[in-house]
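A.B. asks: Take a look at the letters that make up each chain.
Number of protein chains: 2
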Amino acid sequence: MAKAVFYHAGCRVCVSAERMVVEYLDPAQVTTEIVHLGEQSARIGEAEASGVVSVPALVLDGQVYHINYGASLEDVKKG
Amino acid sequence: MAKAVFYHAGCRVCVSAERMVVEYLDPAQVTTEIVHLGEQSARIGEAEASGVVSVPALVLDGQVYHINYGASLEDVKKG
Numbered sequence: 001m002a003k004a005v006f007y008h009a010g011c012r013v014c015v016s017a018e019r020m021v022v023e024y025l026d027p028a029q030v031t032t033e034i035v036h037l038g039e040q041s042a043r044i045g046e047a048e049a050s051g052v053v054s055v056p057a058l059v060l061d062g063q064v065y066h067i068n069y070g071a072s073l074e075d076v077k078k079g
Numbered sequence: 001m002a003k004a005v006f007y008h009a010g011c012r013v014c015v016s017a018e019r020m021v022v023e024y025l026d027p028a029q030v031t032t033e034i035v036h037l038g039e040q041s042a043r044i045g046e047a048e049a050s051g052v053v054s055v056p057a058l059v060l061d062g063q064v065y066h067i068n069y070g071a072s073l074e075d076v077k078k079g
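Note that the protein sequences, when read in sequence, are chains A and B.
The first sequence runs 1 to 79 under full-length UniProt numbering.
The second sequence runs 1 to 79 under full-length UniProt numbering.
Keep in mind the hints are simulated off the structure, nothing from the lab.
Just so you know, nobody snuck in bad clues.
So the derived label-pair ranges between C-beta atoms look like this:
1) Gly51(A) / His36(B): 21 to 27 Å
2) Arg12(B) / Arg43(A): 25 to 31 Å
3) Cys11(B) / Asp61(A): 17 to 23 Å
4) Asp61(B) / Ile34(A): 15 to 21 Å
5) Asp75(B) / Pro27(A): 32 to 38 Å
Heads up, the beta-carbon is just placed ideally off N, CA and C, and yes, glycines get one too.
With the sequences and hints as input, model every part of the structure.
C.D. replies: Below, the structure written as structure tokens:
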């Protein structure tokens with residue numbers, strides 16, 4: 001079973017991407033954790049260490065998939 | 001059953017994103033067509049009409065999800 005983490009910051013782009021991730025990733029193959037970096041800023045370092053540079057981003061099998069040119073992690077840090 | 005089209009142009013970013021799409025989208029909910037725009041340039045117009053501006057991109061339920069800042073569609077047109 002693969003583990004996925006979907007990082008976002010609650011923006012409109014993020015909400016639509018989250019719906020796709022939650023609704024269409026195969027639950028038989030992937031467990032997906034949703035992390036709102038605006039509310040859990042302590043996990044920004046973890047996202048950065050995974051290679052995330054903007055949100056929304058899906059980290060799956062060690063690969064980072066940035067979705068739709070969202071807010072940069074630097075902007076998320078500024079809050 | 002939702003229909004997804006994954007547009008790409010064969011680049012390294014595309015290959016890793018394609019693997020994620022093909023491997024982890026739920027086959028019970030989504031049928032996914034893979035379109036290599038380098039080989040099927042006649043379908044660039046269709047991708048553009050769907051809102052695709054760069055590849056790789058997944059079009060699912062009428063929503064476009066650009067993945068990982070790939071090549072612009074303008075560059076793909078130049079071949």
